[in-house]
Amino acid sequence: MRRVIQNLSLPLAQIRRWPEFGVILAFSTIFVFFSVLAPMFFTVRNLTGIFTIVSELGIMTIGIAFLMIAGEFDLSVSSVYAFAGFIFVTLGNSINSVLALLITLVAAGCIGFLNGTITLRARIPSFIATLGMMMFIRGIMMAITGGRTVAYHGDLIVPTLLTRFMGHGFRPSHIWFVALTVLFSLILTRTRYGNWVFATGGRKEVARSMGVNINRVKLINFIISSLMAGLAGCIAINRFAVANPSFGIGTELEAIASAVIGGTFLTGGHGTIIGAFFGAFLMGTIRIGLIMVGAPAYWYMAFVGAIVIIAATINIKLRRLEM
Amino acid sequence: MQQDFPLVRMVNISKCFGAVRALNNVSIEVRHKEVLGLLGDNGAGKSTLIKILAGVFPPDGGEIYFNEEPVKFSSPKEARTRGIETVHQELSLVNIMTISRNFFLGREPTKRIGSIALLDKKKMDEECSRVIGEVGIRVRSPNEYVSILSGGERQAISIGRAMYFGAKLLILDEPMTALSVKETRKVIEHIEEARESGASIIFITHNVYHVYPVADRFIILNKGVKMGEFDKEEHQAEEIIEMVASSEGVL
Numbered sequence: 001m002r003r004v005i006q007n008l009s010l011p012l013a014q015i016r017r018w019p020e021f022g023v024i025l026a027f028s029t030i031f032v033f034f035s036v037l038a039p040m041f042f043t044v045r046n047l048t049g050i051f052t053i054v055s056e057l058g059i060m061t062i063g064i065a066f067l068m069i070a071g072e073f074d075l076s077v078s079s080v081y082a083f084a085g086f087i088f089v090t091l092g093n094s095i096n097s098v099l100a101l102l103i104t105l106v107a108a109g110c111i112g113f114l115n116g117t118i119t120l121r122a123r124i125p126s127f128i129a130t131l132g133m134m135m136f137i138r139g140i141m142m143a144i145t146g147g148r149t150v151a152y153h154g155d156l157i158v159p160t161l162l163t164r165f166m167g168h169g170f171r172p173s174h175i176w177f178v179a180l181t182v183l184f185s186l187i188l189t190r191t192r193y194g195n196w197v198f199a200t201g202g203r204k205e206v207a208r209s210m211g212v213n214i215n216r217v218k219l220i221n222f223i224i225s226s227l228m229a230g231l232a233g234c235i236a237i238n239r240f241a242v243a244n245p246s247f248g249i250g251t252e253l254e255a256i257a258s259a260v261i262g263g264t265f266l267t268g269g270h271g272t273i274i275g276a277f278f279g280a281f282l283m284g285t286i287r288i289g290l291i292m293v294g295a296p297a298y299w300y301m302a303f304v305g306a307i308v309i310i311a312a313t314i315n316i317k318l319r320r321l322e323m
Numbered sequence: 001m002q003q004d005f006p007l008v009r010m011v012n013i014s015k016c017f018g019a020v021r022a023l024n025n026v027s028i029e030v031r032h033k034e035v036l037g038l039l040g041d042n043g044a045g046k047s048t049l050i051k052i053l054a055g056v057f058p059p060d061g062g063e064i065y066f067n068e069e070p071v072k073f074s075s076p077k078e079a080r081t082r083g084i085e086t087v088h089q090e091l092s093l094v095n096i097m098t099i100s101r102n103f104f105l106g107r108e109p110t111k112r113i114g115s116i117a118l119l120d121k122k123k124m125d126e127e128c129s130r131v132i133g134e135v136g137i138r139v140r141s142p143n144e145y146v147s148i149l150s151g152g153e154r155q156a157i158s159i160g161r162a163m164y165f166g167a168k169l170l171i172l173d174e175p176m177t178a179l180s181v182k183e184t185r186k187v188i189e190h191i192e193e194a195r196e197s198g199a200s201i202i203f204i205t206h207n208v209y210h211v212y213p214v215a216d217r218f219i220i221l222n223k224g225v226k227m228g229e230f231d232k233e234e235h236q237a238e239e240i241i242e243m244v245a246s247s248e249g250v251l
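For the protein sequence lines, the chains are A and B, in the order given.
Counted from 1, the first sequence has number 168 at position 168 by this note's numbering; the numbering is strictly sequential.
Counted from 1, the second sequence has number 208 at position 208 by this note's numbering; the numbering is strictly sequential.
Excised from the complex, chain A in its bound form (with noise of 0.2 Å):
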């Protein structure tokens, strides 16, 4: 008897020992939960009206995610989402769109080297620095366009490479969201780079007298913070093919929050980016779903507040067991 139960209760202890059950139980739920309620939510027009506004959040999320483990955070990523939407679409309106795409990338790549710099060389908190950046970048914005839209009438190159529809629904976004996912969860979990990662945010004293090169690991992730913000703020634009300084406002929290539903920890050393993927997941379906058992916006709030709670307890809990 007693074998019986020790053979059941194995398999249960090594998918308890993914680092990402707790999000997919708590996505599961949700999904069938929603699916249950509204008729209309399992389509594939809705699933994929879902997986786009995921692509989006999403892809800033494994940023976020990324920066986190290394033990730094990044405030800002909802300006650079904003601010590489409106450069995209300034550049894009003259220049070759490919062009201007890679502009704006460079340039939200420099607003991570900023974060970065600020962070490591003057020694303050970078919840502060990057609170900063996201304040005076909106400034920034705000006050040259005076608040007005842009609107796109550039070239189709990168709108069709980004976000303009395949068919059923599924758009270019998805494909990178899944890309950028799967790329990111390597270099992770399965290459030296990664393994300093969580050395960084783990204890960086450990890793820095272990020879990893702490500051440029942090660097560097605030870097691609900064880019996969960019990236994301690139594909909104082009999907609603304007551009607004107020744009994406709050985004930060929703991608921190996706982030630590995943399982990341806010002190850093510990998350993956398959749980990320799947907090973006959460939270998008979470948003739509709400809107399609008629309940009023306002719930999304409070209802994805309940959300990050439960799931950083749930996961800490898990942990427990195994630290």
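Worth flagging that the hints you see were computed from the coordinates, not collected in a lab.
The hints are all genuine.
List of simulated lysine to aspartate or glutamate pairs, EDC-like, C-alpha gap at most 16 Å: (1) B:Lys33 <-> B:Glu196; (2) B:Lys223 <-> B:Asp41; (3) B:Lys33 <-> B:Asp4; (4) B:Lys121 <-> B:Glu144; (5) B:Lys51 <-> A:Glu205; (6) B:Lys33 <-> B:Glu192; (7) B:Lys77 <-> A:Glu205; (8) B:Lys168 <-> B:Glu68; (9) A:Lys204 <-> B:Glu90.
Once you have looked at the hints, place chain B on chain A.
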């Protein structure tokens, strides 16, 4: 094999931090296959001395010879490639990483797939399992988190790791602090094993009783100055304690 020159010679090492003279013309040597106890109270300059040796920072003055060859380390990595490994009680392992990932941190083996170098997880796990087995730690897998290990087990893994990577000189910084009596005995065994496999060991402590059972020689530092150097055969633990105490003006 008996070499007649020492493994390490540090000659007239000086180091200042601002107005504080942390080390004043300190010379020490570490012979091949010996355990050297580096004794002194807090602030005596022990840590500064070994940090210079481990490449954490350069000395203001003095020379270092490794196997009679003058060396200047600009980083811990450089010292490590020469075979100088430091094991800090608190700074050796990341708690929220697995044993295997910790074991190879900074020196991860990779296998190439095309032009991409991926971690050789199989090698990492196998080699790590072998070493933790050799140092006598019982864990289910090398993929357990370090946080479940005791202080003694962490020391054992750190020492095992240093030896695995071919340490010629093992620097142990207060390795017994906060360990149980039983674990202390284990660590002494690991130190003896390391010496037998050809390494020299510098054992830093403020507690003579920690190092007395295993050391061959002692050096006492006080306020940045070398106060004395003793062979174990000639002195009892109590005599050495007296010397440490008197050098500080306590007695």
